[in-house]
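Each chain is listed here by its residues.
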Amino acid sequence: DTEVTQTPKHLVMGMTNKKSLKCEQHMGHRAMYWYKQKAKKPPELMFVYSYEKLSINESVPSRFSPECPNSSLLNLHLHALQPEDSALYLCASSQLPANSPLHFGNGTRLTVT
Amino acid sequence: KNQVEQSPQSLIILEGKNCTLQCNYTVSPFSNLRWYKQDTGRGPVSLTIMTFSENTKSNGRYTATLDADTKQSSLHITASQLSDSASYICVVSARGSNYQLIWGAGTKLIIKP
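Chains as they are written, first to last, in my numbering: chain Z, 1 to 113; chain P, 1 to 113.
Pulled out of the complex, with its shape left as it was, chain Z reads as follows:
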């Protein structure tokens, strides 16, 4: 079991649906991350929150909308996704400074139909 909890584990959604991915950590980490991972590829950084403020947006399409309601929670709101957005979405957290190890959740496997 990891200390970063992601829900749901699996999600199937149509291209017109709106859904949200959730991530929670209680390690007191002040940096939280969203990564996208396609099969047999390394994770790709999408967003970083530092002290609940968005620090990095890696030119992610606006159909992905992150939210950090508090220091323990991170959401990723999904709307009008494309089939090519199907992937494993990983949440991670770390202490600051940013050269600390990342702690990953086990991800949400997203399928867009």
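These are computed hints drawn from the structure, not numbers from a lab.
Note that CB positions come from ideal geometry on N, CA and C, so glycine has one too.
Treat the hints with care, since some could be wrong.
Not close to chain P: a few residues of chain Z, all C-beta gaps over 10 Å, as computed [what the hints assert, rightly or not]: (1) Tyr51; (2) Asn99; (3) Gly105.
Partial list, derived from the structure: chain Z residues whose beta carbon lies under 10 Å from chain P [to be verified]: (4) Gln6; (5) Pro8; (6) Tyr35; (7) Lys40; (8) Pro42; (9) Val48; (10) Lys53; (11) Ser55; (12) Ile56; (13) Ala92; (14) Pro101; (15) His103; (16) Arg109; (17) Thr111; (18) Val112.
In the DSS-like style, the derived pairs of lysine-lysine whose C-alpha atoms are separated by at most 27 Å in a straight line are [stated by the list, open to error]: (19) Z:Lys18 / P:Lys71; (20) Z:Lys18 / Z:Lys53; (21) Z:Lys38 / Z:Lys9; (22) P:Lys112 / Z:Lys41; (23) Z:Lys9 / Z:Lys19; (24) Z:Lys9 / Z:Lys40; (25) Z:Lys38 / P:Lys17; (26) P:Lys57 / Z:Lys18; (27) Z:Lys19 / Z:Lys38; (28) P:Lys17 / P:Lys108; (29) Z:Lys22 / Z:Lys40; (30) P:Lys57 / P:Lys17; (31) Z:Lys9 / P:Lys57; (32) Z:Lys38 / P:Lys1; (33) P:Lys17 / Z:Lys53; (34) P:Lys57 / Z:Lys38; (35) P:Lys17 / Z:Lys18; (36) P:Lys1 / Z:Lys40; (37) Z:Lys40 / Z:Lys53; (38) Z:Lys53 / Z:Lys19; (39) P:Lys71 / Z:Lys41; (40) Z:Lys19 / Z:Lys41.
Since the structure of chain Z is provided, determine the placement of chain P on it from the hints.
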């Protein structure tokens, strides 16, 4: 261009044997190098993180080495177990890059009984 290259792409060994995975990088200026283990369908787990001044770090049966002069790292696994079957990913952080990490493509390790 900042890059991380890993070899071999895949490796099959018998349970109980040792193995060594390689990582070469061209990231500059260097901050730290990390090794992650990722089981299929799960999030990566941090094994080691090394800064410029560290040339060896161990975590149980895993020992990572770093040669900052030649920009090479290795991960040595001793007395392999079936549970070591996973992808092992080398990740390098550049100084001043905040949250940006350069990920290798990983080595897929299969341990056979």
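Here's how the hints hold up against the structure:
1. Tyr51: It holds; Z:Tyr51 is separated from chain P by about 13 Å at its closest Cβ, greater than 10 Å.
2. Asn99: 5 Å, violated
3. Gly105: It is violated; Z:Gly105 is separated from chain P by about 5 Å at its closest Cβ, not greater than 10 Å.
4. Gln6: Holds, about 8 Å.
5. Pro8: 14 Å, violated
6. Tyr35: 9 Å, holds
7. Lys40: Status holds, d = 8 Å.
8. Pro42: At 4 Å from the nearest chain P Cβ, Z:Pro42 passes the 10 Å test, so the hint holds.
9. Val48: 5 Å, holds
10. Lys53: The hint is violated - Z:Lys53 has no Cβ within 10 Å of chain P, the shortest such distance being about 13 Å.
11. Ser55: Since chain P brings a Cβ to about 7 Å from Z:Ser55, closer than 10 Å, the hint holds.
12. Ile56: Constraint on Z:Ile56 satisfied, holds at 6 Å.
13. Ala92: Cβ of Z:Ala92 sits 7 Å from chain P, so the hint holds.
14. Pro101: 4 Å, holds
15. His103: Given a least distance of 7 Å, the restraint on Z:His103 holds.
16. Arg109: 7 Å, holds
17. Thr111: Violated, about 13 Å.
18. Val112: 18 Å, violated
19. Z:Lys18 / P:Lys71: Violated. Z:Lys18 to P:Lys71 sits at ~45 Å, over the 27 Å cutoff.
20. Z:Lys18 / Z:Lys53: Status holds; Cα separation ~23 Å.
21. Z:Lys38 / Z:Lys9: 16 Å, holds
22. P:Lys112 / Z:Lys41: 24 Å, holds
23. Z:Lys9 / Z:Lys19: Given that 27 Å is the threshold and the Cα spacing comes to 13 Å, the pair holds.
24. Z:Lys9 / Z:Lys40: 19 Å, holds
25. Z:Lys38 / P:Lys17: 31 Å, violated
26. P:Lys57 / Z:Lys18: 45 Å, violated
27. Z:Lys19 / Z:Lys38: 20 Å, holds
28. P:Lys17 / P:Lys108: 16 Å, holds
29. Z:Lys22 / Z:Lys40: OK: Z:Lys22 and Z:Lys40 at ~24 Å, within 27 Å.
30. P:Lys57 / P:Lys17: Within the cut-off at roughly 20 Å; holds.
31. Z:Lys9 / P:Lys57: 33 Å, violated
32. Z:Lys38 / P:Lys1: 23 Å, holds
33. P:Lys17 / Z:Lys53: 47 Å, violated
34. P:Lys57 / Z:Lys38: Between P:Lys57 and Z:Lys38 the Cα gap is close to 30 Å, so the pair fails against 27 Å, i.e. violated.
35. P:Lys17 / Z:Lys18: Violated. P:Lys17 to Z:Lys18 sits at ~49 Å, over the 27 Å cutoff.
36. P:Lys1 / Z:Lys40: 22 Å, holds
37. Z:Lys40 / Z:Lys53: 31 Å, violated
38. Z:Lys53 / Z:Lys19: 22 Å, holds
39. P:Lys71 / Z:Lys41: With Cα atoms ~23 Å apart, P:Lys71 and Z:Lys41 stay inside 27 Å; holds.
40. Z:Lys19 / Z:Lys41: 25 Å, holds
Comparing the model with each numbered hint stated earlier shows that hints 2, 3, 5, 10, 17, 18, 19, 25, 26, 31, 33, 34, 35 and 37 do not hold.
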